[in-house]
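Given the coordinates of chain F, work out where chains Y and H should sit on it, guided by the hints.
From first to last, the protein sequence lines stand for chains F, Y and H.
Using my numbering, the first residue of the first sequence is number 1, and each one after it goes up by one.
Using my numbering, the first residue of the second sequence is number 1, and each one after it goes up by one.
Using my numbering, the first residue of the third sequence is number 1, and each one after it goes up by one.
There may be inaccurate statements among the hints.
To be verified - Which bits of chain H does chain Y cover? Going by a derived footprint, with three or more residues having C-beta under 8 Å, they are:
#	segment
1	55–69
2	76–84
3	90–97
4	101–112
Unchecked claim - Some chain H residues near chain F, calculated using beta-carbon distances under 10 Å:
#	residue
5	R124
6	D141
7	R143
Please keep in mind that the hints were generated in silico from the structure rather than gathered at the bench.
The model shown is predicted, which means the values in this text are computed figures rather than measured ones.
Cβ atoms here follow ideal geometry from the backbone N, Cα and C, with glycine treated the same way.
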Amino acid sequence: MNVQYEVERLHARYAQALDADRLEAWPDFFTENGRYRIATAENEERGLPLPVLSAEGRAMMRDRVQSLRHANIYEPQRYRHMLSCVLVEKASGDQVRSIANFVVIRIMQDGATMVFASGRYLDRIVLSPSPLYEERVVVCDSRRFDTLLAIPL
Amino acid sequence: MNVQYEVERLHARYAQALDADRLEAWPDFFTENGRYRIATAENEERGLPLPVLSAEGRAMMRDRVQSLRHANIYEPQRYRHMLSCVLVEKASGDQVRSIANFVVIRIMQDGATMVFASGRYLDRIVLSPSPLYEERVVVCDSRRFDTLLAIPL
Amino acid sequence: MNVQYEVERLHARYAQALDADRLEAWPDFFTENGRYRIATAENEERGLPLPVLSAEGRAMMRDRVQSLRHANIYEPQRYRHMLSCVLVEKASGDQVRSIANFVVIRIMQDGATMVFASGRYLDRIVLSPSPLYEERVVVCDSRRFDTLLAIPL
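For reference, chain F alone in the conformation it holds in the complex:
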């Protein structure tokens, strides 16, 4: 149960950082060589190695954030992450696996609000000295993406 609490807290801090547009904090939720990718459920099921977005290691993530900051001078949208159904399984030693459902809501500047993305987070997490993602795979249910806006999910 303590592990469940630690994992859910990591997920919550990650989500709230993104929702608050603190993208610069995003790489710090990963281990130094942590891996991140967004994929579609369809491609994952077919074994197609075509992630929508991927990064290996904090350095690459920091580059990614910088590009986003330069590209999106004006970004009026807001996002709100919702997580649910977090299943945690012990892996080896200090490592756990987590599967969680997510929905991301997008709020446009005019107030229009819609479901932007849904899917599953498939995570490998190390717990100590503090919980970090070794790997986070974001499997989106939809294959339709607003590709101009490749923010981390």
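For chains Y and H alone, coordinates are given in the frame of chain F:
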């Protein structure tokens, strides 16, 4: 707190099984004589015994799943369950009651994503030897249903 | 972890009371002098003291509920609250702070279902003798409000 954890884990495993289209696993979340029904909030409040879908016992649930498999040869939608606000109360002995809010997102094959259903799960659960539903009542907020697609929620 | 459980349970009971239209119970989730306000993320960030709705103390909340009951003789909508990503931090003594993401779904009488509001709950909570809100600030992502329907969120 341990009971809360056990109950939320049961809910999470149930939701992830349905979202992964593992309908054949659905009856196994219930006791042998477990009861399941989907109702509308309106009918529940008026005491009308008109469930949208109901099943008593695993055998009937397995029949139900088989019918669904035969009827829906081609099913392009995906679903994503979100649960929240899970309130657990001890009932008698090994039994607990759980009330939880839910939202189910539907993702069409073209990527269109919408809120498909919302409501409450009203559950009676036995905890040992492993947690199972004795009764799960799905009270939907909306009375409008996509009746052609009577999948379990 | 026990504190996390207590706080999430308070949030869940609050949400389920509102969703069941038990508005008269709403003030009882606050301390006698508890404060409540709904604000927009935009105004909060700019430091504008322009809440959409605010109340100080249970007495004012009860007045507010009574006005709502008199104004909305006929209220066909339903609401469904979803909470997620609950982060709890100890403050001083018996007091904790909680930040949580929320989404509220609205279900119209004809069955149409949409995302009504999203945002964050920023709470100050006292834990004993039983958990109550000393302050609940509802920061909504959207600045567009259905102002005719100023129900508590």
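These are the hints, each one checked on the structure:
no.: 1; hint: 55–69; result: violated (count 0)
no.: 2; hint: 76–84; result: holds (count 6)
no.: 3; hint: 90–97; result: violated (count 0)
no.: 4; hint: 101–112; result: holds (count 6)
no.: 5; hint: R124; result: violated, 18 Å
no.: 6; hint: D141; result: holds, 4 Å
no.: 7; hint: R143; result: holds, 6 Å
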